[in-house]
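There are 2 protein chains.
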Amino acid sequence: MNARSDTLVLPAPLPLDGGGELARVEVAYETYGDLAGDGSNAILLCHALTGDQYVASPHPITGKPGWWERMVGPGKPIDTDRFHVICANVIGSCMGSSGPASLAEDGQPYAMRFPVITIRDMVRAHVGLLDALGIERLHAVVGGSMGGMQALSLAANWPERAERVLVIASTSRHSAQNIAFHELGRQAVMADPRWQDGNYYGGDAPDSGLAVARMAAHITYLSEEALTEKFGRNLQDREAKSFGFDADFQVESYLRYQGSGFTQRFDANSYLYITRAMDYFDLAEEHGGKLADAFAGTSARFCLVSFDSDWLYPTPESRHVVHALNAAGAAVSFVELSAPHGHDSFLLDVPALDRVIGGFLG
Amino acid sequence: MNARSDTLVLPAPLPLDGGGELARVEVAYETYGDLAGDGSNAILLCHALTGDQYVASPHPITGKPGWWERMVGPGKPIDTDRFHVICANVIGSCMGSSGPASLAEDGQPYAMRFPVITIRDMVRAHVGLLDALGIERLHAVVGGSMGGMQALSLAANWPERAERVLVIASTSRHSAQNIAFHELGRQAVMADPRWQDGNYYGGDAPDSGLAVARMAAHITYLSEEALTEKFGRNLQDREAKSFGFDADFQVESYLRYQGSGFTQRFDANSYLYITRAMDYFDLAEEHGGKLADAFAGTSARFCLVSFDSDWLYPTPESRHVVHALNAAGAAVSFVELSAPHGHDSFLLDVPALDRVIGGFLG
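Respectively, the protein sequence lines represent chains A and B.
Quick note on full-length UniProt numbering: the first sequence kicks off at 1 and runs consecutively.
Quick note on full-length UniProt numbering: the second sequence kicks off at 1 and runs consecutively.
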């Protein structure tokens with residue numbers, strides 16, 4: 001389906017919400033499908049916290065299929081025979097875009113010298129990419145979870161850049177519980193002595209702490225029902241409890257696997273920076289405290305999707321955004337889908353989501 | 001109110017569910033109020049995971065008030081003018097009863113040589129204490145959270161020992177999600193290099209890992225609503241975000257405080273052993289797979305209490321026990337109380353709980 005990988009160096013330093021600017025910003029991205037001559041068929045896909053630009057291409061480290069292959073491709077709901085799909089690694093991450101593991105001007109990794117960034121800073125880099133690609137107006141911006149935050153941020157801050165805004169399993173602000181889980185993960189990373197204030201590049205990375213952080217996050221991605229249905233109290237490869245501290249239960253084995261697998265493909269400092277950006281996200285606060293004001297004068301069409309089993313960004317979070325869009329007079333549709341998988345539903349087999357996405361993109 | 005501290009050495013080795021037995025078991029306990037001449041007014045209070053015997057006495061390490069002072073005392077719902085209240089530190093813990101920090105026969109701490117124990121093993125030690133105190137039949141056994149598991153275990157395995165069984169915010173088995181959170185905590189402890197396979201006594205304890213474990217647990221003790229109401233997105237002692245990794249948000253500061261404070265009073269290995277005992281708890285499994293069979297022939301009166309905001313042991317867990325008790329023909333009352341604090345409601349100011357407890361104890 002004509003997949004291409006590339007990396008752009010932004011032509012100018014990137015101004016940052018925290019003040020100052022970031023020099024020589026690299027944005028690594030993938031595209032799928034061809035751009036129409038009039039540039040009207042581009043879709044920007046925004047990835048989640050630990051996602052990346054490999055939407056429908058094998059992951060270069062793990063070799064696993066792209067994270068949304070079920071949704072993106074020829075004849076699929078995001079149809080690459082019709083649309084030119086762009087997905088860029090967010091800044092702060094570790095798959096080619098500038099982040100804490102990148103080299104600073106002194107030739108050493110930034111590590112914790114990398115500036116604390118925001119969701120809007122990530123989107124500002126995306127807009128820089130669209131400028132470089134000559135794409136003035138997107139057919140749509142689409143994202144789930146943190147990707148949905150980016151879609152909302154683009155709609156609020158660059159309202160002329162997207163005709164359609166599709167926000168899945170997301171929120172306009174991080175709740176106290178969301179912040180609490182992220183802080184837990186950051187403390188797990190920072191408690192690992194190999195973290196060394198972030199200066200571990202070239203040595204042993206804080207994999208133990210990062211694995212614990214990932215385990216905590218994974219619990220929030222699945223619903224209680226999904227965990228019960230998938231694992232219950234089933235034992236792992238044994239007939240009886242061991243009366244020891246091995247992974248007796250399948251759910252223990254699953255979490256350990258998720259934790260250790262993650263450390264092979266993700267940088268611990270990136271985890272700190274991206275969770276921080278998410279915790280800082282509060283779209284209303286950015287716009288004078290009133291969420292409707294964030295969308296004043298928008299001409300885009302919006303679609304919000306939530307899942308009934310998602311307890312990370314539950315349906316009221318989406319409804320809150322919908323109310324603000326209504327107050328702003330925007331065109332918005334909203335659906336809560338029933339799916340058993342919790343927050344992860346947006347990545348999994350939920351045929352109703354395929355229909356919603358296909359229909360909204362037109 | 002006539003509080004006494006004491007430690008009993010059980011007269012015989014304690015048989016364990018995992019096989020074998022534990023020699024020279026110490027049980028540290030507190031009592032409040034006087035035992036009636038006929039021994040009929042004794043109440044066994046069972047503490048939670050990180051609780052201890054200091055129900056209504058200042059904690060010897062932290063100096064803080066006892067954990068249930070609002071409930072236990074003269075004229076209080078558990079009235080020490082009328083009842084003789086006993087609370088023993090569970091085995092596996094670290095406040096005087098035998099646990100991994102205790103010395104084994106070779107004069108060295110058990111550390112991970114301490115046997116993996118179960119909730120029933122804890123209760124077996126309690127029963128040994130009751131035997132030594134000459135208390136044949138309790139007026140009531142009472143417990144919240146893990147304390148409720150002990151109350152259920154006593155009712156099921158020593159049905160003649162209690163007239164009344166009061167189980168608050170508890171469950172008859174740990175769910176996959178419960179196990180997942182505990183495994184996360186254990187992995188955080190074990191990931192701390194100072195854990196050293198448990199052999200840290202006399203040196204630096206794995207406080208960083210234990211603090212992370214405690215942070216994770218604390219998130220599960222509060223409801224999402226309670227976190228929002230208590231902290232929301234409020235900043236801690238500052239006017240604006242720092243664009244750094246300090247505890248900008250109050251909820252971050254709260255979690256760090258809870259984590260670090262906990263390590264002063266609790267042993268990391270005890271945390272491993274007690275969480276393991278809770279994860280292993282499945283009262284139906286112990287009794288042939290049918291929960292009603294656990295209560296066959298009981299003559300005790302039961303009362304179960306759940307809280308509508310408790311997502312750690314939500315109401316359906318209590319209802320499941322009530323159905324089994326109904327099937328066993330037991331006398332049981334059940335109430336779901338409305339309280340905003342989540343699982344921690346059983347420790348906090350919920351006047352309706354006071355009335356339920358006072359009424360049930362008669």
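Careful: at least some of the hints might be erroneous.
Since the list gives no way to pick out one identical chain from another, each pair is judged satisfied if it fits inside one copy or across any two copies.
[As the list claims (entries may be wrong)] Below 16 Å or equal to it, Euclidean Cα-Cα: the simulated EDC-like pairs (lysine to aspartate or glutamate) are:
(1) 290 to 136
(2) 76 to 354
(3) 241 to 282
(4) 290 to 26
(5) 230 to 349
(6) 241 to 38
(7) 241 to 17
(8) 241 to 285
(9) 76 to 349
(10) 290 to 308
(11) 241 to 354
(12) 76 to 308
Keep in mind the hints are simulated off the structure, nothing from the lab.
Computed from a predicted structure; not experimentally measured.
At most 16 Å between C-alpha atoms: does residue 230 with residue 349 qualify within a copy, between copies, both, or neither?
For residue 230 and residue 349, only the intra-copy Cα distance (15 Å) is at most 16 Å; the inter-copy one is 37 Å.
Checking residue 241 and residue 285: alpha-carbon separation at most 16 Å within a copy, between copies, both or neither?
Answer is between: at 12 Å across copies they meet the 16 Å cutoff, but 51 Å inside does not.
Please sort residue 76 with residue 354 into within, between, both or neither, judging by C-alpha distance up to 16 Å.
Classified as within; 8 Å inside a copy, 59 Å across copies.
Indicate which option fits the pair residue 76, residue 308 if close means a Cα-Cα distance not exceeding 16 Å: within, between, both or neither.
neither (24 Å within a copy, 43 Å between copies)
16 Å Cα cut-off: does residue 290 pair with residue 308 within a copy, between copies, both or neither?
Answer is neither; intra-copy 26 Å and inter-copy 31 Å both fail.
Alpha-carbon proximity context of residue 241 and residue 282, limit 16 Å
Answer is between; shortest inter-copy Cα gap is 12 Å, intra-copy 46 Å.
Treating 16 Å as the Cα threshold, decide for residue 290 and residue 26: within, between, both or neither.
Intra 33 Å, inter 61 Å, cutoff 16 Å: neither.
Within a copy, between copies, both or neither: which one fits residue 241 and residue 38 at a CA-CA cutoff of 16 Å?
neither (64 Å within a copy, 42 Å between copies)
How would you label the pair residue 76, residue 349 (within, between, both, or neither) given a Cα cut-off of 16 Å?
within (13 Å within a copy, 55 Å between copies)
Measure nothing new, just compare the shortest in-copy and cross-copy C-alpha distances for residue 241 and residue 354 to 16 Å and report within, between, both or neither.
neither (42 Å within a copy, 39 Å between copies)
When no copy is named, should residue 241 and residue 17 be tagged within, between, both, or neither for a Cα gap of at most 16 Å?
between (52 Å within a copy, 11 Å between copies)
Are the CA atoms of residue 290 and residue 136 at most 16 Å apart within a copy, between copies, both, or neither?
neither (28 Å within a copy, 65 Å between copies)
Of the numbered hints given earlier, the model fails hints 1, 4, 6, 10, 11 and 12; all others are met.
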